[in-house]
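Chemist: Single-letter residue listing:
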Amino acid sequence: MGGLTSETPPARRFGRVVDAAGAPVPHAHIVIAAGPVPMPEIALLSDEAGRFSVRLPPGAFTLRAHGPPGAGEAEVEDGPADREIVITIGR
Amino acid sequence: MIELTSVSKPVSPFETLAATAPARLTAGHPGTATSEVSRSLRHLAVKGKSGPILPPFETVIGRDERVRILDTDLAPWRMICALRMRGPNGAGAIGTGWFIGPRTVLTAGHCVFSNYFFDGWASEIEVIPGRNGPGAGPDAMPYGSVASERLSSLDRWVDGEDPDFDIGCIHLTEPLGDKVGWFAVGALPAGRLESYLVNISGYPADRGAGAEQYHARNRIVRVSERRIFYEADTYGGQSGAPVWIHETEHSPPLAVGVHAYGVGGTPAQLGITANSAPRIIPEVLDRLAGWVEQDGGWPDE
Numbered sequence: 001m002g003g004l005t006s007e008t009p010p011a012r013r014f015g016r017v018v019d020a021a022g023a024p025v026p027h028a029h030i031v032i033a034a035g036p037v038p039m040p041e042i043a044l045l046s047d048e049a050g051r052f053s054v055r056l057p058p059g060a061f062t063l064r065a066h067g068p069p070g071a072g073e074a075e076v077e078d079g080p081a082d083r084e085i086v087i088t089i090g091r
Numbered sequence: 001m002i003e004l005t006s007v008s009k010p011v012s013p014f015e016t017l018a019a020t021a022p023a024r025l026t027a028g029h030p031g032t033a034t035s036e037v038s039r040s041l042r043h044l045a046v047k048g049k050s051g052p053i054l055p056p057f058e059t060v061i062g063r064d065e066r067v068r069i070l071d072t073d074l075a076p077w078r079m080i081c082a083l084r085m086r087g088p089n090g091a092g093a094i095g096t097g098w099f100i101g102p103r104t105v106l107t108a109g110h111c112v113f114s115n116y117f118f119d120g121w122a123s124e125i126e127v128i129p130g131r132n133g134p135g136a137g138p139d140a141m142p143y144g145s146v147a148s149e150r151l152s153s154l155d156r157w158v159d160g161e162d163p164d165f166d167i168g169c170i171h172l173t174e175p176l177g178d179k180v181g182w183f184a185v186g187a188l189p190a191g192r193l194e195s196y197l198v199n200i201s202g203y204p205a206d207r208g209a210g211a212e213q214y215h216a217r218n219r220i221v222r223v224s225e226r227r228i229f230y231e232a233d234t235y236g237g238q239s240g241a242p243v244w245i246h247e248t249e250h251s252p253p254l255a256v257g258v259h260a261y262g263v264g265g266t267p268a269q270l271g272i273t274a275n276s277a278p279r280i281i282p283e284v285l286d287r288l289a290g291w292v293e294q295d296g297g298w299p300d301e
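For the record, the sequence lines run as chains A and B. Residues in the first sequence are numbered from 1 upward in steps of one, following our numbering. Residues in the second sequence are numbered from 1 upward in steps of one, following our numbering.
Read the hints as simulated data drawn from the structure, not as lab findings. Some hints here could point you the wrong way.
As the list claims (entries may be wrong) - Here chain A is said to cover these stretches of chain B; the calculated rule only asks that three of the stretch's residues, wherever they fall, bring their Cβ under 8 Å from a Cβ of chain A: (1) 89–98; (2) 106–117; (3) 206–215; (4) 226–236; (5) 250–261.
All residues carry an ideal CB built from backbone N, CA and C; glycine is no exception.
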């Protein structure tokens, strides 16, 4: 069974975690909550500007973020690498 | 039999990649820190085998039954470490690891090497045994914090990121395992593993922001050639946590897998809802023993 496996990893996608007012949430934890392939149970960390990045294989994924304002999700489909993923938490 | 080779993060042209010392079971050690018996271990850890397997009841499967461990300064919880990884691309992440020797911490392969998260090998991993809350004081970090000296994984993981071999190793300079102890590790036949009750404890992101240890328990529902599937609740951040059993009521913990995947990692054809770990198979145990050997070995060897 294959996991997050491909001959050439897909392009890196960039994202941001923001609160309900649109302000960046630093040090938020981001997990891959659902997807079409085995999902490692690692949690990514957003930087001081709320930014993170990850390579995702083809398919639809749900990314979930946790931070002081609460939790939130974003659905991520195949798309251009420059399409930013925005996860709003604490709505 | 399959051939597995240890692959280490290159640090110098003189580094040896060979692994030695074949074994089926390694001996654990409770650590030289206090020998007080953990109430959490007595009351929360499950031991022995389950009754008949009933129909399966998601990463958190049904009701979330994870319980926070507060006495993380005691064994075996202090053998379990919060990990803070950083990749060469600046990416940060959290995970879980556990001591298997004085200077050797086992974790998931994707915590040390991932094309998807780090563009390759992690740059550095901070290892915090028994972490118990936010901050850096002695209550939150009863055994302090150490940085990785070197990282290793299996060729099957580094070459193809095969989930069946998602196992990694953090080598330390300081023998912190002497103080906190280390898990016994066993390569048990599949038939002997089935229906055992399992324990998993690690540092999830959704509770305590990766700074609090949570334990879950349930049963093994399926054992495949290279994976163990179980209904114990887990969450992102617990990658690399030990999956252990107690063969009898009074047996010490025996680690049999490295937690790595939530329910999405379970093949649909199995028809079960379960989280999973690569199994400690004999070939993997040989590599683990090799990693401990590289770090100076176990005492009295």
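Chemist: Run through the hints listed earlier and report the numbers of any the structure violates, in increasing order.
Modeler: none
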